[in-house]
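Colleague: For reference, the chains in residue letters:
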Amino acid sequence: MVNVERKGDGCAVRIEGEMTIYTAADLKPALLAPLADCRELELDLAQVAEIDTAGLQLLALAKLEAARAGGDLRLINHSDAVRDVLDLCGMVGFFGDPVVIPS
Amino acid sequence: MNLDQALKTYIEESRELLQEIEDGLLRVEQEADTADTVNAIFRAAHTIKGSAGLFGLDYLVAFTHGVESVLDRVRDGSLGIDAELVALMLECRDHISALVEHAAEGAMTATPELDAGGQTLTTRLNVYLGKQPPATTPAAPEAVEARVEASGGGRVGCDCWHISLRFGRESLRNGMDPLSFLRYLATLGDIVSIETLTDALPAAADMDPEQCYLGYEIKFRSDADKATIEGVFEFALEDSQIHILPPRGRVADYLDMIKALPEDDLRLGEILCRVGSLTEHELQEALGAQAAGAQAEQGEATEPAPIGDILVGAGMVQPELVDAALDKQKQTREHRAQESRVVRVDADKLDRLINLVGELVIAGASTNLIAQRAGMADLLEATSTLSRLVEEVRDSALTLRMVQIGATFSRFQRVVRDVSRELGKEIQLVITGAETELDKTVVEKIGDPLMHLVRNSMDHGIEAPDARVARGKPAQGTLRLNAYHDSGSIVIEVGDDGGGLNRQRILDKAIERGIVQAGQNLSDQEICQLIFEPGFSTAAAVTNLSGRGVGMDVVRKNIEALRGTIEIDSVEGQGTTIRIRLPLTLAIIDGFLVGIGGSSFVIPLEAVAECVELSEADRAASRDRHYLNLRGEVLPFLRLREVFDVDGLPPRRENVVVVQYGKQRAGLVVDELMGEFQTVIKPLGRLFGHIRGIGGSTILGSGEVALILDVPSLVQRTSEREGRALAPPHALSVQ
Amino acid sequence: MAKTILIVDDSASLRQVVSIALKGAGYDVIEGCDGKDALAKLNGQKVHLIISDVNMPNMDGITFVKEVKQLPAYKFTPIIMLTTESQEAKKAEGQAAGAKAWVVKPFQPQQMLTAVSKLILP
Numbered sequence: 187m188v189n190v191e192r193k194g195d196g197c198a199v200r201i202e203g204e205m206t207i208y209t210a211a212d213l214k215p216a217l218l219a220p221l222a223d224c225r226e227l228e229l230d231l232a233q234v235a236e237i238d239t240a241g242l243q244l245l246a247l248a249k250l251e252a253a254r255a256g257g258d259l260r261l262i263n264h265s266d267a268v269r270d271v272l273d274l275c276g277m278v279g280f281f282g283d284p285v286v287i288p289s
Numbered sequence: 038m039n040l041d042q043a044l045k046t047y048i049e050e051s052r053e054l055l056q057e058i059e060d061g062l063l064r065v066e067q068e069a070d071t072a073d074t075v076n077a078i079f080r081a082a083h084t085i086k087g088s089a090g091l092f093g094l095d096y097l098v099a100f101t102h103g104v105e106s107v108l109d110r111v112r113d114g115s116l117g118i119d120a121e122l123v124a125l126m127l128e129c130r131d132h133i134s135a136l137v138e139h140a141a142e143g144a145m146t147a148t149p150e151l152d153a154g155g156q157t158l159t160t161r162l163n164v165y166l167g168k169q170p171p172a173t174t175p176a177a178p179e180a181v182e183a184r185v186e187a188s189g190g191g192r193v194g195c196d197c198w199h200i201s202l203r204f205g206r207e208s209l210r211n212g213m214d215p216l217s218f219l220r221y222l223a224t225l226g227d228i229v230s231i232e233t234l235t236d237a238l239p240a241a242a243d244m245d246p247e248q249c250y251l252g253y254e255i256k257f258r259s260d261a262d263k264a265t266i267e268g269v270f271e272f273a274l275e276d277s278q279i280h281i282l283p284p285r286g287r288v289a290d291y292l293d294m295i296k297a298l299p300e301d302d303l304r305l306g307e308i309l310c311r312v313g314s315l316t317e318h319e320l321q322e323a324l325g326a327q328a329a330g331a332q333a334e335q336g337e338a339t340e341p342a343p344i345g346d347i348l349v350g351a352g353m354v355q356p357e358l359v360d361a362a363l364d365k366q367k368q369t370r371e372h373r374a375q376e377s378r379v380v381r382v383d384a385d386k387l388d389r390l391i392n393l394v395g396e397l398v399i400a401g402a403s404t405n406l407i408a409q410r411a412g413m414a415d416l417l418e419a420t421s422t423l424s425r426l427v428e429e430v431r432d433s434a435l436t437l438r439m440v441q442i443g444a445t446f447s448r449f450q451r452v453v454r455d456v457s458r459e460l461g462k463e464i465q466l467v468i469t470g471a472e473t474e475l476d477k478t479v480v481e482k483i484g485d486p487l488m489h490l491v492r493n494s495m496d497h498g499i500e501a502p503d504a505r506v507a508r509g510k511p512a513q514g515t516l517r518l519n520a521y522h523d524s525g526s527i528v529i530e531v532g533d534d535g536g537g538l539n540r541q542r543i544l545d546k547a548i549e550r551g552i553v554q555a556g557q558n559l560s561d562q563e564i565c566q567l568i569f570e571p572g573f574s575t576a577a578a579v580t581n582l583s584g585r586g587v588g589m590d591v592v593r594k595n596i597e598a599l600r601g602t603i604e605i606d607s608v609e610g611q612g613t614t615i616r617i618r619l620p621l622t623l624a625i626i627d628g629f630l631v632g633i634g635g636s637s638f639v640i641p642l643e644a645v646a647e648c649v650e651l652s653e654a655d656r657a658a659s660r661d662r663h664y665l666n667l668r669g670e671v672l673p674f675l676r677l678r679e680v681f682d683v684d685g686l687p688p689r690r691e692n693v694v695v696v697q698y699g700k701q702r703a704g705l706v707v708d709e710l711m712g713e714f715q716t717v718i719k720p721l722g723r724l725f726g727h728i729r730g731i732g733g734s735t736i737l738g739s740g741e742v743a744l745i746l747d748v749p750s751l752v753q754r755t756s757e758r759e760g761r762a763l764a765p766p767h768a769l770s771v772q
Numbered sequence: 374m375a376k377t378i379l380i381v382d383d384s385a386s387l388r389q390v391v392s393i394a395l396k397g398a399g400y401d402v403i404e405g406c407d408g409k410d411a412l413a414k415l416n417g418q419k420v421h422l423i424i425s426d427v428n429m430p431n432m433d434g435i436t437f438v439k440e441v442k443q444l445p446a447y448k449f450t451p452i453i454m455l456t457t458e459s460q461e462a463k464k465a466e467g468q469a470a471g472a473k474a475w476v477v478k479p480f481q482p483q484q485m486l487t488a489v490s491k492l493i494l495p
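In order, the protein sequence lines correspond to chains P, C and E.
For the first sequence, position 20 matches number 206 in the working numbering, and the numbering has no gaps at all.
For the second sequence, position 103 matches number 140 in the working numbering, and the numbering has no gaps at all.
For the third sequence, position 15 matches number 388 in the working numbering, and the numbering has no gaps at all.
For the record, the hints were derived by calculation from the structure and aren't laboratory data.
Be careful, since some hints might not be right.
What the hints assert, rightly or not - Straight-line Cα separation of at most 27 angstroms, DSS-like style, residue types lysine-lysine; simulated pairs:
1) C:Lys386 - E:Lys396
2) P:Lys214 - E:Lys419
3) E:Lys439 - C:Lys45
4) E:Lys448 - E:Lys396
5) E:Lys376 - E:Lys414
6) P:Lys214 - E:Lys442
7) E:Lys414 - E:Lys448
8) P:Lys214 - E:Lys448
9) E:Lys442 - E:Lys409
10) C:Lys477 - C:Lys386
11) E:Lys396 - E:Lys442
12) E:Lys419 - E:Lys396
13) E:Lys376 - E:Lys439
14) E:Lys414 - C:Lys45
15) C:Lys45 - C:Lys482
16) E:Lys409 - C:Lys386
17) E:Lys419 - E:Lys376
18) C:Lys482 - C:Lys386
19) C:Lys386 - C:Lys45
20) C:Lys45 - E:Lys396
21) C:Lys45 - C:Lys594
22) E:Lys396 - E:Lys376
23) C:Lys263 - C:Lys296
24) C:Lys477 - C:Lys594
25) E:Lys419 - E:Lys442
26) E:Lys448 - C:Lys386
The task is simple: from the sequences and hints, build the whole structure.
Modeller: What follows is the structure, encoded as structure tokens:
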């Protein structure tokens, strides 16, 4: 499930549930829609309970699309599941967001 | 990992499958269309083998493999099944059975005898497979690692593996998530560094979110060997491009890989440097070599082609294509054997359920009592509905223990086939009523007596072919096994169309053996029953099967132990039918309820011969002696009040229940006769298990517990005492 | 939360051993004795991996894989097929139906664990 909230020039997008092959088809349009009129996109991943390659590559796609449109996409509040996957794939640098590692 | 319980399941399962194999083999010769049966036999052998592997029972796997291979050829039609092959398969089945029983004892290796037996059979199986006995061992595959280092090109300095992954587009849809492989890879070593390539991601509009676009370059430190690392990606091979370069791999191999990958060479080189698998210098060298190679193609081409251990991807798909072609050939009818859907439940669990239902009956009865006392009509109505339902639950719980007798019957196909050959007789077995159900405990115990009766019929009943023809009968004899339900009992018949019982010979023999007196007047049925007397045998020729004069009496004992009876129908010259009548279940008993003081006892109804009132004279006399006069017969008796130490004085009128076990009779003195009823037997707890004279307990409608008397032990008790009492000479003066 | 695996095979002992091995490794296990039974057992609940035999009564493995791939909840679930060296053709058939992983019978429990770990870790 994707919640979009306008914040001035940007958008705050919150993703809840799983970002997997089972949800990818629905997530793709939901995730890309805010990019059409938001330059600054903040993606809150706190509620992402599960993520697989399909979910990961959607995040990558959104990041690339935002850059292509001259905007920016930031990932915040990475859930454990997201952090694990970004670590495993060495993708932290690709997204370039500060990842909070719980002590 | 403790597999003991699973091994038990395996042994039991294998026994069933072996039975299926046997049934199938015996059936297959008579069938026009053998496909179903052959398939069922194949599947059974296959399952035995497959599960044996799980337990590391390699000897079972090895032998069964040969059997399975032959069956597979029968299945695909390249081998016909004839009597000879069936015979061999039956032998193999027996050998597998021996191996399974061997495994049941926990053996992980076969004995030399079993091995030798298996070897002989395997040699015979190999004839069908067109195999020669193994004369030479196949040459070991050439050691790939031993190849001479290819000329040209140095080695990289990195002491890590380099793994390059480009997964097939459909990987995700197939459930093969690259992340899973990476996670597993991480368990084999250390992912030193990793780069995820998003180059293949198309523009948003063209991107299919269910396809896989990501690629990975990985520097991996591990002691695992190449095969293990390749194995990680075993399931991803299809459509994927996977390169695995060993530590200190050749620069040339890196170059080959870079060329094979879809990304731009320079960008890839950069990534490899970033990952740390190549140094800047090595990259320069590689790309330099490439440039040189481009100028002199020939020089490059003469270099020996990299052996398959470098390029894992595309080449591997080939075998599957071959398979697809083979598949068409092999697409023979894949019929599934109709195997009834069965849930395997521990018998103890069923017993526990039945016990609980018993408790439920008590609880229900007491509720009912309270309702009656309270006089609440609606509550009474509710409890009566409840008790009806509880009774239904009890009945269906009991039916859970019921199994069809067919499996027991069909076991005799093999016996009849083998024994008739041995005897030189032609005998066919006709089975009817195979679907008749009876209690599992009864089924387990009926096998031996039935075996005896069947063998006896074949041995003594059915005549040799020439004798049959002389009597105007078909040369082939018929043995019938039949089962049906009859008023709360199950009847099992063993019938033959043989010579029938010769009454005169039986009588002569019985007189000769002192079993009956010469002048005794016996009915037909009584004469027939004599064959069940200990030490009785009329067979002219003693064979190794039966006729040793032991057995038939044991049969009767076994049947009686199951609370059953046995009767004989025999027409001389036409055949004999032995009819066994058994209670449907051992858990329910027809009882005769008696009262002593405030307690109730149940006497199994089939043990009750008659009831009489204890006459005043006997009563008076019984204070000194322990027998009474029943119409001129000396009847030893027991006062149950004394046996069970029941408090209180006996009433003015007492009754005697005359019980019978075998040929012995005894009287049981009780206060009150309360009539017949059917009841569920509850076993006694361990605490009471040793008490003589009591066989179980049951619950009465009132919720009271009644003990079920163990008639055989009570009868025995009277005869023991009688023996002692009769010892002094004066006791003999009794009528 | 433990990952759930469905094992479908008509051999009770095989299911039992595989189940012991998987549970020991930290997975939850559901068992089905044939394709039909397995479909009934699935009944919409989340399953991370399916292991299925090919040759089974009532509904064979190939049909089962085809059916399960039709169900939205399982269309992307990884499936391991239990094949035999004598059934290479069946393996291809299973792969075409959507079972891309396989373990060759007879196998040792550890081999099954290895195959499973490649697809999902507990």
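Colleague: Each hint should be assessed against the structure and marked as holding or not.
Modeller: Cross-check of the supplied hints:
no., hint, result
1, C:Lys386 - E:Lys396, "23 angstroms, holds"
2, P:Lys214 - E:Lys419, "23 angstroms, holds"
3, E:Lys439 - C:Lys45, "34 angstroms, violated"
4, E:Lys448 - E:Lys396, "24 angstroms, holds"
5, E:Lys376 - E:Lys414, "16 angstroms, holds"
6, P:Lys214 - E:Lys442, "22 angstroms, holds"
7, E:Lys414 - E:Lys448, "16 angstroms, holds"
8, P:Lys214 - E:Lys448, "19 angstroms, holds"
9, E:Lys442 - E:Lys409, "14 angstroms, holds"
10, C:Lys477 - C:Lys386, "14 angstroms, holds"
11, E:Lys396 - E:Lys442, "25 angstroms, holds"
12, E:Lys419 - E:Lys396, "17 angstroms, holds"
13, E:Lys376 - E:Lys439, "23 angstroms, holds"
14, E:Lys414 - C:Lys45, "25 angstroms, holds"
15, C:Lys45 - C:Lys482, "21 angstroms, holds"
16, E:Lys409 - C:Lys386, "26 angstroms, holds"
17, E:Lys419 - E:Lys376, "9 angstroms, holds"
18, C:Lys482 - C:Lys386, "20 angstroms, holds"
19, C:Lys386 - C:Lys45, "17 angstroms, holds"
20, C:Lys45 - E:Lys396, "19 angstroms, holds"
21, C:Lys45 - C:Lys594, "31 angstroms, violated"
22, E:Lys396 - E:Lys376, "10 angstroms, holds"
23, C:Lys263 - C:Lys296, "22 angstroms, holds"
24, C:Lys477 - C:Lys594, "19 angstroms, holds"
25, E:Lys419 - E:Lys442, "14 angstroms, holds"
26, E:Lys448 - C:Lys386, "38 angstroms, violated"
Checked against the numbered hints above, the structure violates hints 3, 21, 26; every other hint is satisfied.
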